[in-house]
Amino acid sequence: MEVCAGAGSGMVRVKSPQDFGAGLVFMLIGSAGLYFGKDLTFGTASRMGPGYFATWLSFLILALGVGVGLKALVIEGPRIEPIHLRPILFVVAAILVFGFLINVAGLALTAVLLTILAAYARRSVKLTEMILLGVGLALFGVVVFVYVLGQALPPWWGR
Amino acid sequence: MGFDFIQNLAIGFSAAASFKHLGFALIGCLLGTLIGVLPGIGPIPTIAMLLPITFRLSPLASLIMLAAIYYGAQYGGSTTSILVNIPGETSSIVTCIDGYQMARQGRASVALAVAALGSFFAGCVSTVFVAALGPPLAAIAQQFNSPDYFSLMVLGLVTAVVLAHGSLIKAVGMVLVGLLFGLVGTDVNSGVARYTFGISELWDGIDFLPLVIGMFGIVEIIRNLEQPTLPRAPVGTKFRDLWPSKKDFQESWRAVLRGTGLGSILGILPGGGAVLASFASYTLEKKVAKDPTRFGMGVIEGVAGPESANNAAAQTSFIPLLTLGLPSNAVMALMMGAMMIQGIQPGSAVMYKRPDLFWGMVASMWIGNAMLLVINLPLVGLWVRLLTVPYRLLYPAILLFCVIGVYATNANVVQLVLTAVFAVFGYILLKLGCEPAPMVLGFILGPLMEENLRRSLVISRGDPMVFIERPISAVLLAITLAVIALIILPQFRKAREEAFQE
Amino acid sequence: MRFKPRSFLHSIGLAMALAAALGAVPRAASAQEYPSQDIRFVCALPPGSGADVLVRYFAEKLRLIVNRTVIVENKPGALGNIATEYVARSKPDGYTIYVHAASAVAANQHLFKKPPVDAGKAIQIAATINQQPFMLAVSPKSPYKTVAELTAAMKQKGAKASYATASPNGTVMGEIYKRTAGLQAVEVTYKNSPDSLNELFSGKLDYGMYDPVFSLAQQREGRIRILAVSSGKRLEANPDLPTMTELGIPMDLTGWWAAMLPASTPKSIIDKVNQWFTQIVKTDETRKFLNSFGGDPFINSPEAGQALFEKTIKEWGEYIRMAKIEPRG
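Protein chains in written order, with the working numbering: chain A, 148 to 306; chain B, 203 to 704; chain C, 21 to 349.
By construction, these hints were calculated from the structure, which means they are not laboratory data. Just so you know, even glycine gets a beta-carbon here, dropped at the ideal spot from N, CA and C. Check each hint, because a few of them may be wrong.
Claimed, not checked - Among the chain A residues that face chain B by a calculated CB cut under 10 Å, a handful are:
| # | residue |
| --- | --- |
| 1 | 171 |
| 2 | 179 |
| 3 | 199 |
| 4 | 205 |
| 5 | 207 |
| 6 | 234 |
| 7 | 241 |
| 8 | 265 |
| 9 | 288 |
| 10 | 290 |
Can you build the whole structure from these sequences, using the hints too?
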């Protein structure tokens, strides 16, 4: 992977894309830690405030990120595997749909919805099969969790 | 003392081994295992769910059943760790590392069997610990003050780095990131909320379950879905393949012994001891192994050691509860609540006023372990057959149980949003070659470490020497330095070799 | 992916029919006699904790009276705010009952910069349950047998003295004691009371402010010595424990539990709930149970309970100011 760094300074080759990415992530997290923690009281070494540890830690992470990033420009490392959007998008959607609808639509329905959404994370989906699976799982879930275990999960609309 | 001890055990066994009680132990083990096996549901939610069932029983029966549920859920949690890479609780995380790899190599049944046998052995030994050494061990645990806990946590964090089999510096980064995430929530020492963005649900910090399920379970599902063909675990059909070979036994028995020892000791320490047991065992095994690079690829010691340590710690973590009335972790707190509902005030009084209760519990620990072995070895075949279900049908089920597990523990949509967030985060990290296990350990130990650090300094009025003046703390810090040296030296040697080669 | 619209709809219809058969639950029974549905108790603490035990006890007792399932729903978090908000927003039909320390709900109004709901207006007290004091305790190895001895010693020690707290109640109690007695002891906070025991024992802490359940359990074990309680009057549960007030440190800090419902719940339901809880709390069995938690039974009419609630909210405003507690964001 070739990256142009700075105008006119020539090309800088990223030798280890994974590490470079990791370095960036660390730098991001460290900076976020510093930014969102800026209002926390710092205190002193003998009487540490809530911000003391948090700030030092964020600094460390930031510094480490820089280190990893720089190392990535020098030492060879593995490439980043291609990112497939479909699986992650649908799985995350399934989780969120469950979360927002469980209290509204109840376990049975949300289980079916989750199954169907999760199924589309793959390419070739047989819808009927998935609906049957969803219903089966919904049945299992409602019987085991709501009736046998008495969890406070609403099985259906309303309560 | 010897005679007393045997006499006590006799009282215990006669109380615990009645048909009725054996029956409850069996039901407990079964229920615990079955619920614990559901991905996303580990010992704590399982016990919480099944707690009401025990209310109608007599004190001893309910304690026996609860203990059985606990061991069952622990074992069930290990099963899911091995089969689908989803840890049900902290101690199962380590099992995921090598156990799951073994499963992918078609050695799931071997991993499961070794986990069961190792746990049984550890259970037997640590039960003896509890019976014979309970009170004196508890006395030692009482010596731990804030500086000692701090040093223990530091040691734990350093061992966290060893969990990674990839880049060392990235592992350190992950531990630090985990530490930072652990800071989210209210600061104990000042009452100020950190990094909560005004969200009430973050006030008590990020829950363990969404983080772990997101970064381990969901990421694994997504990873599998990205493959051109869905995974199909090769399964040996002959019983010979299901059972560990002589070689497997030879490789693992030492790990079991070491794990048992480590776990028995660490489990007694209130507040975090048991968590460290499996991690410490993994570190030890990796350091002691002739070829540490095998770790992470499906090494049997990586399962045998931590599982034994785990179970040993689970047993000995009863000691503070039974002898001092102090719960050493969340599960014990649940047990304590159960006892109080039954009208028992847990503490040393129980030993003298109701010896049948105390020793009955101790005896039932052994019985529970034995029963688990009996139940689970045949079940191994069943679980392995489960793996032959086509993945396209399996993963929605796993996803559903994960999600239900998270919601059942804390019925709040924010928990599920967090799960999704961590799934995405875990996915990004996966692509960048960063491992989640060190981060999780940082997440758990970090806040404890900070809390104890600051408290030590408040009590000592700012004097940092307190960490070296206290003997326990000094010893732990010395061990930490030794471990750091052990970690760094090979790296230097490797770097020098690389430099020479170039 | 082969997409056949007709069979797709057919499948959806089938799925819906099956799913409908699964979860059919009786509709909202507003027109029927209360209670005609399962009742939910909301517990603001995690399952198995001390508070959860209490809630489950009452759930079981209520089940026997109304012959309906009483489910306990744990909604832990933010010192009870999550549960409080949940209950405040639930339907005022009497099927969601919040069993918790009303004093804590009151305290949260001032402990937080932005409390999620105005508890005084959003929550109604249907029945009070118990009253529990906080306790001042020392290590059994320490030479202090009375508060007076402790105070004298602490005055001598000045800023070198340290004491433990594990909750806002403890902090407030500690502050009142410090001010009235003129001490300079340093507060050391812990996440929960048991964490402080080791240090109390080793002498690093001189005294501590603890909740009653913990204190009594540990005193039974001989691991702490309780010197006084924070309530205004001595409790029947612990008649030989002196109050701070009679020892010269006036205070009346009691935690009191109540059954609470959303504010707009009809009076008939509130009165019914009051009836039930009064019935349960009156029994000897419950008295013994509450005593074991270090508290006394506490019976009040809904109106009296509500008045006390509003009074407690005001009091906590004072406490926060006095103890200089920074409201949490």
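So, going through the hints one by one against the coordinates:
A cut of 10 Å between beta carbons decides the hint on residue 171/A: the least distance to chain B is about 9 Å, and the hint holds. Interface restraint check for residue 179/A: the shortest CB-CB distance to chain B comes to about 9 Å, inside 10 Å, so the restraint holds. Using the Cβ-Cβ criterion of 10 Å, the hint placing residue 199/A at the interface with chain B is satisfied: the shortest such distance is roughly 8 Å. Given the 10 Å rule on beta carbons, the hint for residue 205/A holds: about 7 Å separates it from the nearest Cβ of chain B.
Proximity of residue 207/A to chain B holds as hinted, the smallest CB-CB distance being about 6 Å (cut-off 10 Å). Using the Cβ-Cβ criterion of 10 Å, the hint placing residue 234/A at the interface with chain B is satisfied: the shortest such distance is roughly 4 Å. For residue 241/A, the interface hint holds, the least distance from its beta-carbon to any beta-carbon of chain B being 6 Å, beneath 10 Å. Taking 10 Å as the C-beta contact cut-off toward chain B, the hint placing residue 265/A at the interface holds, the least distance being around 5 Å.
With its C-beta approaching chain B no nearer than about 6 Å, residue 288/A sits inside the 10 Å limit, and its interface hint holds. Given hint, residue 290/A at the interface with chain B, is violated; its Cβ is 12 Å from that chain's nearest Cβ, farther than 10 Å.
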